[in-house]
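Student: Go by the hints and put chain B onto chain A.
2 protein chains.
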Amino acid sequence: MPLTAKSLDAKTEKREVEESVQVVSIGSITLESGAILPEVDVVVETVGTLSTRTNNAVLVCHALTGDARAVGDMGNQGWWRGLIHSGGYVNTEEWFVITMNVLGGCSGTTGPTSINPETGEAYRSSFPYVSVRDMVHVQKRCLEILGIDSLHGIIGGSMGGMLVLEWGLLYPECVGRIIPIATASSLTPTAIAYNDIGRQAIVSDPAFKEGEYDANCPPVKGLAIARMMGMVTYRTNSLFEKRFSRALQEGIEENPSDSVFQIESYLRYQGKKLAERFDANSYLTLLKAMDTHDIGRGRGGVKAALAQLRCPILVIGIQEDILFPIHQQREIYKLVQHRDENQLLEVSSEYGHDAFLLEFDEIGPAIQKFLS
Amino acid sequence: MPLTAKSLDAKTEKREVEESVQVVSIGSITLESGAILPEVDVVVETVGTLSTRTNNAVLVCHALTGDARAVGDMGNQGWWRGLIHSGGYVNTEEWFVITMNVLGGCSGTTGPTSINPETGEAYRSSFPYVSVRDMVHVQKRCLEILGIDSLHGIIGGSMGGMLVLEWGLLYPECVGRIIPIATASSLTPTAIAYNDIGRQAIVSDPAFKEGEYDANCPPVKGLAIARMMGMVTYRTNSLFEKRFSRALQEGIEENPSDSVFQIESYLRYQGKKLAERFDANSYLTLLKAMDTHDIGRGRGGVKAALAQLRCPILVIGIQEDILFPIHQQREIYKLVQHRDENQLLEVSSEYGHDAFLLEFDEIGPAIQKFLS
Numbered sequence: 001m002p003l004t005a006k007s008l009d010a011k012t013e014k015r016e017v018e019e020s021v022q023v024v025s026i027g028s029i030t031l032e033s034g035a036i037l038p039e040v041d042v043v044v045e046t047v048g049t050l051s052t053r054t055n056n057a058v059l060v061c062h063a064l065t066g067d068a069r070a071v072g073d074m075g076n077q078g079w080w081r082g083l084i085h086s087g088g089y090v091n092t093e094e095w096f097v098i099t100m101n102v103l104g105g106c107s108g109t110t111g112p113t114s115i116n117p118e119t120g121e122a123y124r125s126s127f128p129y130v131s132v133r134d135m136v137h138v139q140k141r142c143l144e145i146l147g148i149d150s151l152h153g154i155i156g157g158s159m160g161g162m163l164v165l166e167w168g169l170l171y172p173e174c175v176g177r178i179i180p181i182a183t184a185s186s187l188t189p190t191a192i193a194y195n196d197i198g199r200q201a202i203v204s205d206p207a208f209k210e211g212e213y214d215a216n217c218p219p220v221k222g223l224a225i226a227r228m229m230g231m232v233t234y235r236t237n238s239l240f241e242k243r244f245s246r247a248l249q250e251g252i253e254e255n256p257s258d259s260v261f262q263i264e265s266y267l268r269y270q271g272k273k274l275a276e277r278f279d280a281n282s283y284l285t286l287l288k289a290m291d292t293h294d295i296g297r298g299r300g301g302v303k304a305a306l307a308q309l310r311c312p313i314l315v316i317g318i319q320e321d322i323l324f325p326i327h328q329q330r331e332i333y334k335l336v337q338h339r340d341e342n343q344l345l346e347v348s349s350e351y352g353h354d355a356f357l358l359e360f361d362e363i364g365p366a367i368q369k370f371l372s
Numbered sequence: 001m002p003l004t005a006k007s008l009d010a011k012t013e014k015r016e017v018e019e020s021v022q023v024v025s026i027g028s029i030t031l032e033s034g035a036i037l038p039e040v041d042v043v044v045e046t047v048g049t050l051s052t053r054t055n056n057a058v059l060v061c062h063a064l065t066g067d068a069r070a071v072g073d074m075g076n077q078g079w080w081r082g083l084i085h086s087g088g089y090v091n092t093e094e095w096f097v098i099t100m101n102v103l104g105g106c107s108g109t110t111g112p113t114s115i116n117p118e119t120g121e122a123y124r125s126s127f128p129y130v131s132v133r134d135m136v137h138v139q140k141r142c143l144e145i146l147g148i149d150s151l152h153g154i155i156g157g158s159m160g161g162m163l164v165l166e167w168g169l170l171y172p173e174c175v176g177r178i179i180p181i182a183t184a185s186s187l188t189p190t191a192i193a194y195n196d197i198g199r200q201a202i203v204s205d206p207a208f209k210e211g212e213y214d215a216n217c218p219p220v221k222g223l224a225i226a227r228m229m230g231m232v233t234y235r236t237n238s239l240f241e242k243r244f245s246r247a248l249q250e251g252i253e254e255n256p257s258d259s260v261f262q263i264e265s266y267l268r269y270q271g272k273k274l275a276e277r278f279d280a281n282s283y284l285t286l287l288k289a290m291d292t293h294d295i296g297r298g299r300g301g302v303k304a305a306l307a308q309l310r311c312p313i314l315v316i317g318i319q320e321d322i323l324f325p326i327h328q329q330r331e332i333y334k335l336v337q338h339r340d341e342n343q344l345l346e347v348s349s350e351y352g353h354d355a356f357l358l359e360f361d362e363i364g365p366a367i368q369k370f371l372s
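Heads up: the sequence lines are chains A and B, in that order. Counted the way UniProt numbering counts, the first sequence spans residues 1 to 372. Counted the way UniProt numbering counts, the second sequence spans residues 1 to 372.
Here chain A stands alone, though its shape is the one from the complex (with noise of 0.2 Å):
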């Protein structure tokens, strides 16, 4: 009998994996910089099922404003699901696919607007500061208390792709083979002046009042230019042409000077949409961990911490990327130890650094094979 829509769909509704979402707590860390969160909490997303001798476990590393829903369900997708599914590039039947969001995110794990203990107040503006290790080294632990002790792959693009660099330098011995996308050692100086606009937008922002707003009266004109920034250097060029071009808005063309062009008009709703959904103190949280992330501090520069990095190695790079530009995946694979299974992925896409989230057919039957 050929398959139909519907049986398709019944079949693959039939197969479907279910999403586990849970917070587990890791109790007290103390961060690089010798501040001590008392009392953190991970939120993890697991889909798939660990096998019994816990060897097909796969960590996701999600970006800026990403969460632990990489997968989600039928009836809120995660935002890698078109990569990772019951089927997927990334099949949920063969892999258990963990995803956490980042210390000092805002969707479940400790940061900015959680609980101080010690005070019984929000964090705030006194959360400190973390950085990418920090982050690495909070998800070890979550990963301990799950009874996960080895990892068979790391994946992970832009921010979480430096998360997934560090974990194969500090943790090699837990660490299969890792897969950083679109990603960077350290930031081009450039990509620091793009975060530090919209930080400017976001602190200048009189609702901010130092980070000591209320959770219901945030900035959120300053966030949400901080996100048109961010959301110019996602795409390109080339596909705002064939999207909006120079179209305007309909109705309001009558006086020039209140023209708004759709391209306009898209970026200040995504704006206002992340605003609404993200917590400004987290978000200035992770830039500063983006910023200052280097892999090379304390380990002698880029070029030797690279050539530690001892496990096979997936880049994979967007030839459009503007934020993390094709050259620093190049020289990430460049400085690798040399592996007859590493391999550099150049992909060529209109959605620029965006392509990550996007583009699954380009990138996805490469992370399939290295994974396999």
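Hints in this document: simulated from the structure, not taken from any laboratory. On a predicted model such as this, the values are computed, not experimentally measured, just so you know. The reader is advised that the hints may include incorrect statements.
Note: identical chains are not told apart, hence a pair may lie in one copy or across any two.
Said to hold, decoys possible - Each computed DMTMM-like pair below joins lysine to aspartate or glutamate, with the alpha-carbon atoms no more than 20 Å apart:
| no. | residue 1 | residue 2 |
| --- | --- | --- |
| 1 | LYS369 | ASP340 |
| 2 | LYS242 | GLU350 |
| 3 | LYS288 | GLU241 |
Tutor: Leaving out everything else, chain B in the frame of chain A:
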């Protein structure tokens, strides 16, 4: 006697052609929108001597934050003095160089900070929308009053290049030859997006007060962010790598969360500096003029408009320019009526867009030759 440094200085001093700055009242003008400005003043710098046959006038058009002081004097050098001076690539002993602050500007020509004669108060937010074509019409009227009926050449970069192209289309009978540099027939959606990030930063600043701010209490924070946004697009990452790399500003490295990268302090300083000298309403007026500028409007599109351009043209583009990408310069060159004298000069510079303000030895010889 061989020339010593001193005698050379003395010689230069002697040869120096004096700058003259004057304000020309051109009366009332009706804008493209139909709005009327009852009294318009234009500040004009002239350097050199107008020939008796009045056939040696060269008009210079400035960019977004430029002004009429293109040449300036020895004590206060203008923004294009490296190109234009006695004995320079644009030789003020040969050419009579005229530069005007544009309509809507804030450096002497009528704009939002000017007094509206009908109210006795500054226009501020009530200053009407002006187009690039309006700016050109005002320049034309001003030149008529100065007794200059024809221009040997017109030269300008960035927004100035938009005026240059419009001159060639609006007043072909008055224009000898034109040199648009690092400019566009119309902005890309990405350039519009960059402008809107700056715009949102300005209008979100509470000091902006919907444009009705007091001159003593302007929205400096918002304007500074807009300038930071601009600066990143005016330069290149290669330049930032070379100048700042990931170096931290000295003296504040104790706590990573307080760390400020040199690229950040540089941009913040540039932002602050512009905010102290430029008017926010004027900035918004000029951004909107640029966004809405389209040489194809009312002329059957860009292709048809460029095909109408009859005068010889030297198009100069910078390969690393991310704001006015090189493909826009190539398009202009390709679509204008073919003439043997036409030329496309592609310059490679790590200054990116700002090369037109800095790389005089790269762009100067071609300009000199094309004008002669």
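Student: For this structure, which hints from the list above don't hold up?
Tutor: none
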